[in-house]
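What follows is the residue order along each chain.
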Amino acid sequence: MIKHFLRLQWKQYFRSSYWQKNLALNILLVFFALYFIVVFLALGFGLLPILKKVYPDQDPFEVVNGFIFFWIIADLMIRFFLQKLPVMSVKPLLTLPVKRSTVVHYVLGKSAFSFFNFLPLFAIVPFGIMLGVEGYGAVLVLTWMFTMILIVLIINFLNFIIEAFSAETELSFLPLIAVVGTLYALDYFNVVSMTTLVGDGIIGIANHPILILIPLAILLACYAFNFKILKDKLFLDSSLKSKVTEVKAADLSWTKRFGDIAPFMQLDLKLIWRNKRTKSMVFIMVIGLLYGLFFYPQPMYRDMVWLFPFIGIFVTGIFLINFGQFIPAWDSGYYKMLMSQNIKYEQYLRSKFILMVLSVVIMFVLSIPYVYFGWKILVAHFAAAIYNIGVNSHVILYGGSFNRKKIDLNQRAAFNYQGTGAVQWIIGLPLMILPMLIFALVNWLAGFESGVATLILLGIAGIVLHKKVMKMITQRYLDAKYKMIDAFSQDS
Amino acid sequence: MIYTKDLSKSYNGTTVLNIEELSIPKGQSFGLVGNNGAGKTTYFSLLLDLIKPTTGNITTNDIVVDQSEDWKPFTSSFIDESFLIGYLTPEEYFYFIGDLRGQNKADVDALTSQFEDFFNGEIIGKKKYLRDLSKGNQKKAGIVAALIGNPEVIVLDEPFANLDPTTQIRLKQILKDLAQKQGITILISSHDLMHVTDVCERIVVLEKGDVIMDLETNPKTLKELEAHFASNAFSSAQEEE
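Top line first, the protein sequences correspond to chains R and U. Using full-length UniProt numbering, you'd call the opening residue of the first sequence number 1 and step up by one each time. Using full-length UniProt numbering, you'd call the opening residue of the second sequence number 1 and step up by one each time.
No lab work stands behind these hints, which were simulated from the structure alone. From the three backbone atoms N, C-alpha and C, an ideal C-beta is built for every residue, glycine too. Check each hint, because a few of them may be wrong.
Part of the chain R face toward chain U, derived, beta carbon under 8 Å [what the hints assert, rightly or not]:
| hint | residue |
| --- | --- |
| 1 | Phe-115 |
| 2 | Arg-274 |
| 3 | Met-339 |
| 4 | Ile-485 |
Under the rule of at most 27 Å between Cα atoms (straight-line distance), these lysine-lysine pairs were calculated in the DSSO-like manner [as the list claims (entries may be wrong)]:
| hint | chain 1 | residue 1 | chain 2 | residue 2 |
| --- | --- | --- | --- | --- |
| 5 | R | Lys-110 | R | Lys-406 |
| 6 | U | Lys-176 | U | Lys-127 |
| 7 | U | Lys-126 | R | Lys-279 |
| 8 | U | Lys-52 | R | Lys-344 |
| 9 | R | Lys-405 | U | Lys-52 |
| 10 | R | Lys-256 | U | Lys-105 |
| 11 | U | Lys-105 | U | Lys-127 |
| 12 | U | Lys-52 | R | Lys-481 |
| 13 | U | Lys-126 | R | Lys-256 |
| 14 | U | Lys-5 | R | Lys-483 |
| 15 | R | Lys-110 | R | Lys-276 |
| 16 | R | Lys-481 | R | Lys-233 |
| 17 | R | Lys-276 | U | Lys-128 |
| 18 | U | Lys-135 | R | Lys-405 |
| 19 | U | Lys-135 | R | Lys-276 |
| 20 | U | Lys-127 | R | Lys-279 |
| 21 | R | Lys-406 | U | Lys-128 |
| 22 | U | Lys-128 | R | Lys-279 |
| 23 | R | Lys-406 | U | Lys-105 |
| 24 | U | Lys-181 | U | Lys-26 |
| 25 | U | Lys-220 | U | Lys-26 |
| 26 | U | Lys-181 | R | Lys-256 |
Construct the complete structure from the given sequences, taking the supplied hints into account.
As structure tokens, this is what we get:
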């Protein structure tokens, strides 16, 4: 049975138009994967000597275990945004003689082979070897390595539990923030010292191999809980007949002032507010707005002026990047209809453009309080906002014409939590890094003011050329019309 | 009005549609019949410029559909559920289509109120999203949306499928009424021979992409069609033996 599933998945992946047309993106993903593997390998081999230098009078093994707690927290956060449960279209399987539990075991088992679980191995194994070389006992090292692998898997399944809960609540980030926040707060306010608890626990297990049954039990419990959640969802009516929600219509007549694009703006606003997947974007915006707080309060970043535009682009452009890169895939479900309707492509695209510009302006206004950390930040953010409006918005609209992946807003697939993954963030990187590089270069050559001026000038150039650029983009969409219709009418 | 010349569509060398010449005059109600894979939906998709013809073209009102978009204001269509926007209510969807076709809310309301019987009280004012409606009700909404904005050409692919018997009869009446009006050209496809012969003045039978029959509807047409498809079934059964 498992063999059949694997074959199905293989075909689904390689026969989708997405794979064939996004080879470059796949190569990029592989490149990133290799990069991280190298980084982790370096970390694994280099950590022990480094620790001995930094903390000469402490046992490096204990120091490492003291940090495990923070690693768990960080890993949970990262996975929540990047790792999704492997989606399998289960509907056709339900009427076949396949046990429901087999399907669930397969999906869960497959998730254990995720790249996110292999990556830590590249650090854990070398570090274990280094420990052995240093003269730690073989049993201790092996038990430690095995414990770490168990912890990785626990994080893996814990993440899916969190995601399952966040899929059910309106505030999709709440469960994650609750879990991570509680753990961190317990540690930070010294209620329960989680760092030492986890650290001592791991050391204890390493010294007494029999105790490894404890993490094993936790892992099994997490797995069983996942199993229960998924099995309950594996019924046609729970995924098909999803809750019939009563419509709450908002008054959108204010969009009328945008003239002929008003119908599309209303449609886009409804799209965002009425679909779970797009709604989570609103919460991503909140996270994005707070992103600067990771950097600015710390004095060490205060002097890294070249970083400001990067954060500025991220803070003011987070909606632009998240929403923009799926234009026109958001409308993929009814793209045929739009194409046969009496619409002007230019209006359709302009509506998306205005929406993105509005979001940049709003995000900039909301980010003004960052001026508390220095006026340079405000200036850099302003320049970033102008650059977003003038350059990035056009770039992302243009990039959209290469979009060939359908988005199923109706969320029929039982395992489709949010449906976004690592790729989404990678696409956004060039949009943020390029202006940072431009700014850093000019800043280095001619100073802060010139750097800011360069970004603003680039942005203004984009705004001035808006009409022309839009014409070119519209043409590009028209040229790709048949291909897009064809790709959007395919499932997965 | 709609003139098809040397039209063909092939995928990787396999021809799925090949029409040398087909002319549909203004105001005709035109039915397209054929087995699965005969090319009905392909023809409609070409007519709506959703796919590109391999050779030839379709002209409506002297506008070549794959070269200009000027046919869109007077053409409306409902091909399948992918024409609906799942996260809108039926009313919102009607208003949206109305906006695109230059109709204000009052115009749209006036039109949809004529179809209260057809909707059977299951569409309007239910505060439900289109994605939560049943297949049949989705279809009703889609068909009525295709009537918004006084189109001159209406294209409906399989309008009778998924509808309950009562609604099928009501839909036939609606289509007949439309055909009576001056100047509205209706194109429908169907597997239900009885319904098409009932509604359409002219019926074209497609088989493997070719036009093999072109009939003016008269009382004998249904028998003729049934005989044709029955002989098909019979001959293919013989081949298998």
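Taking the hints in turn, this is what the structure says about them:
With a least beta-carbon distance of about 33 Å to chain U, the hint placing Phe-115 (chain R) at the interface is violated under the 8 Å criterion. Nearest Cβ of chain U to the Cβ of Arg-274 (chain R): about 4 Å, under the 8 Å cut. The hint holds. A hinted interface residue such as Met-339 (chain R) counts as satisfied when its beta carbon comes closer than 8 Å to some beta carbon of chain U; here the least separation is about 6 Å, so the hint holds. Because the smallest distance between the Cβ of Ile-485 (chain R) and any Cβ of chain U comes to about 5 Å, under 8 Å, the interface hint for this residue holds.
A distance of roughly 24 Å separates the Cα atoms of Lys-110 (chain R) and Lys-406 (chain R); the hinted pair therefore holds under the 27 Å criterion. A C-alpha spacing of about 31 Å is found between Lys-176 (chain U) and Lys-127 (chain U), which places the hinted pair above 27 Å, so the restraint is violated. A hinted pair counts as satisfied when its Cα atoms are at most 27 Å apart, and Lys-126 (chain U) with Lys-279 (chain R) qualifies at roughly 24 Å. Taking the CA atoms of Lys-52 (chain U) and Lys-344 (chain R), the gap is near 19 Å; set against the 27 Å cutoff, the hint holds.
For the suggested pair Lys-405 (chain R) and Lys-52 (chain U), the alpha carbons sit about 20 Å apart, so the restraint of at most 27 Å is met. Our distance criterion of 27 Å between C-alpha atoms is met by Lys-256 (chain R) and Lys-105 (chain U), whose separation comes to about 14 Å. Of the supplied pair hints, the one linking Lys-105 (chain U) and Lys-127 (chain U) holds, its CA atoms being roughly 17 Å apart against a limit of 27 Å. Our distance criterion of 27 Å between C-alpha atoms is met by Lys-52 (chain U) and Lys-481 (chain R), whose separation comes to about 10 Å.
The suggested pairing of Lys-126 (chain U) with Lys-256 (chain R) holds, with an alpha-carbon distance near 26 Å, which does not exceed 27 Å. Our distance criterion of 27 Å between C-alpha atoms is met by Lys-5 (chain U) and Lys-483 (chain R), whose separation comes to about 24 Å. Annotation: proposed proximity of Lys-110 (chain R) to Lys-276 (chain R) holds, straight-line Cα distance about 26 Å (limit 27 Å). Simply put, Lys-481 (chain R) and Lys-233 (chain R) have alpha-carbon atoms about 37 Å apart, too far for the 27 Å limit, and the pair is violated.
Our distance criterion of 27 Å between C-alpha atoms is met by Lys-276 (chain R) and Lys-128 (chain U), whose separation comes to about 16 Å. Distance hint between Lys-135 (chain U) and Lys-405 (chain R) is fulfilled; the C-alpha atoms sit about 25 Å from each other, no more than 27 Å. In summary, the hint linking Lys-135 (chain U) to Lys-276 (chain R) is supported, as the alpha carbons are separated by about 22 Å, within the 27 Å threshold. For the hint linking Lys-127 (chain U) to Lys-279 (chain R), the alpha-carbon distance of about 20 Å falls within 27 Å, and the restraint holds.
Straight-line distance between C-alpha atoms of Lys-406 (chain R) and Lys-128 (chain U) comes to about 24 Å, which keeps the hinted pair within the 27 Å bound. Distance hint between Lys-128 (chain U) and Lys-279 (chain R) is fulfilled; the C-alpha atoms sit about 19 Å from each other, no more than 27 Å. Restraint check for Lys-406 (chain R) and Lys-105 (chain U): the C-alpha separation of about 31 Å exceeds 27 Å, so the hint is violated. The straight-line distance between the Cα atoms of Lys-181 (chain U) and Lys-26 (chain U) is roughly 11 Å, inside the 27 Å bound, and the hint therefore holds.
This hinted pair checks out: Lys-220 (chain U) and Lys-26 (chain U) have alpha carbons roughly 25 Å apart, not beyond 27 Å. About 35 Å separates the Cα atoms of Lys-181 (chain U) and Lys-256 (chain R), which puts this hinted pair outside 27 Å; it is violated.
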